[in-house]
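Chemist: For reference, the chains in residue letters:
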Amino acid sequence: MKRILRINLSNYTHEVEERDLDEWIGGVGLATQILKSELKPNVDPLSEDNIIVFAVGPFTPAYPFASKTIAMFKSPLTGNLGESHAGGRSAVTIANAGYDAIIIEGRSDRPVYLVIDNERVYFRDAGVLWGIEDSLIVGRIIAERESGRGIRTIMRIGGAGERLVRYACVTTETYRHFGRLGLGAVFGSKKLKAIVIIGKGSKSIKDLKSYWSVYNEIFKKAVETEVMKKYHLIGTSINIKPLNKIKALPTRNLSSPSFEYAEEISGEALAEHVLGRRVACSHCPTACIHIAALRLPYEEEPYFYRTLMISYDYELIYALGTMLGIGDRVGLLRLIHSVESMGLDAISTGVCLAWATEALKKGLISEKDTLIKLEFGDYENYIKAVKYIVGQPNDFYKSLSEGVENASEKYGGKEFALAFGGNEMPGYHTGPGAHIGYTIGLRHSHLDGAGYSIDQKGAYDPKTLVDILIKEEKWRQVLSSLVVCFFARGIYTPELVSRAFKALGYEYSVEDLEKIGEKIYNEKLRLKVNLGFDIEKIRIPKRVFEVETPHGYIKKEYIAEAISYFKEKVKKIVQES
Amino acid sequence: MKRLAIKDIEKCVGCGLCVFACSRRPGNARIGNEYSGILAVSLSGFERGATIIFCRACVDPPCARVCPTGALKPREGGGVVYNEDLCIGCGNCIDVCTIRAIFRRNNGKISVCVHCGYCVSYCPHGVLTFEEVNIV
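Read top to bottom, the protein sequences are chains Z and U. Going by my numbering, the first sequence opens with residue 35, and the numbers climb by one from there. Going by my numbering, the second sequence opens with residue 4, and the numbers climb by one from there.
Calculated directly from the structure, the hints in this document are not laboratory data. Every residue gets a Cβ at the ideal spot worked out from N, C-alpha and C, and that includes glycine.
Quick list of the computed label-pair ranges, beta carbon to beta carbon:
#1 Z:Pro276 to U:Glu87: 48 to 56 Å
#2 Z:Ser181 to U:Gly73: 23 to 31 Å
#3 U:Glu134 to Z:Asp54: 47 to 55 Å
#4 Z:Pro427 to U:Asn109: 49 to 57 Å
#5 Z:Arg533 to U:Glu87: 26 to 34 Å
#6 U:Phe133 to Z:Lys74: 51 to 59 Å
#7 Z:Val364 to U:Pro77: 51 to 59 Å
#8 U:Glu87 to Z:Glu153: 19 to 27 Å
#9 U:Glu87 to Z:Lys606: 57 to 65 Å
#10 U:Asn109 to Z:Lys497: 48 to 56 Å
#11 Z:Glu72 to U:Phe133: 46 to 54 Å
From just these sequences and the hints, can you work out the full model?
Modeler: Dropping the structure here:
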């Protein structure tokens, strides 16, 4: 039985219910079922009818790396299915508080923040916090006011969420995010500034000896083998140099696949010059969170400095660095910091600004719209533009705050508006796998089917490529139902997952797991179709075809064949239900 | 007598693997955090890093002095031995511990580090050590 906490913000009530949803494992599988039965397809994502589901899985907190919380909701950015994963302490805390899922419904009349302390739920007035734009400050204030140090998570929004920027994120533990698809705006629309969850609890172990043995196996693989090394040492930013070298690093709104200053902002350079600290999500031995210590002088005041601690990753360096032509390390970090503090999704923000820069250059918009001269490399002005996206002082920024799909609809320049299914593009121009992956992936994310990785392994015919992408996406439904971090996918093989389950008293064969992955994938796809997803209507930006990839220029016929093959699959899956 | 000690606190990443090790260790055999005698915290947010809190093995432990039932007794080599059966959940020990290294379980009783050293081999970054301490 799944234990679910339901919180209604319209009438400030809560209840705990038990539902027989065990066959869906947890995480994505569980949240999909809850949305399927409770979310009406046509609701406005920013109305009180939208619901948010947070779900964790049966490996939390039993095993390392099962540290992701899955959030599912209707996305205000795409108008379709929203799904976003965050680490920090969130998953471990929800599990320790005794819940498999938390549902947030309704909308408060006035700003509130929630405190969930195991069984108890408090609705706290957030009138004083509303209007504080810096999510770091919001976190600090709540941390000092509330109890539960070390056993809590503090999810909060910054100014972007309050102002309903459609790609606002929810930040947890300062540096982790429900980044993509606009959960922050859904929080803002519900007048929900933050959720504090305090979790203390424990459960017994079915088969102690097997549990210890599987645990030790996972731990040893994590710390003694090479499998996590990439994330452990330089971090995800280790990808900047190799992707630049193979000419797959989208630069200046993907007008080029490589960046002349890539070395300057590579993971290696950041580690050498600014890496100040590393921290970890709860129950993760890897500690991939890389934080730069940036010491900045106050120009006007001698011997007066501030030191900012700024978390960086590959996608941020891409979206706010190469896409905006910023090769200055300090400038890039300052821009990342402004995006972090406002509570914006970094990828969407970077892609939106890159489009705006090109649109300005091409004369589709003028400086009357942008208020400042947006120019590739000019980080000072981009820092100002971030504030404009949040503050929305005119129609243009209002439009840009609704995403690049929306802005280009209004101002033109669709051919270089880099979004798939309404979601701004991640940082890989590796070949057809990446772009078909963004198109058919159920989150329109590089993490759905990992097309960027498939591209780097070989070349395939369109149908085979789609098959490989979907096979990977199906298996990842198992991982994200167990809420295991995808970075640990090399450790969590189907065979190991099966044994890890057994020690906890569940019987799943490798075959069972693969079937469940497929089942969850199919359910999610049907939910997406129900919410209006139509593969025929998905736009692939023309720019993608104009810039060479490591596989050469992507051919339209190739993409068309892949899409039509996928369309048949969708049809079949929808008919099955 | 050996005890749990800090080798380099600056290396703590706040992962809490020690917390889960303590829950899981022989004697506790639980999944979760409530039986853990060690706590991983951030330093007013992860901007300032992380640390761990656990019993520092006082030679004359105040927690044992204020325990009315003898559930906590001084341990040879510092720290305390905890007899759960005798604990009435008064919380005197929690209040008196200057570094707040005694934790309340959901049933009102307490969790405290017993210096068994089980967590040390699960600290991925060499923050913890299990060592002989000479008490003067």
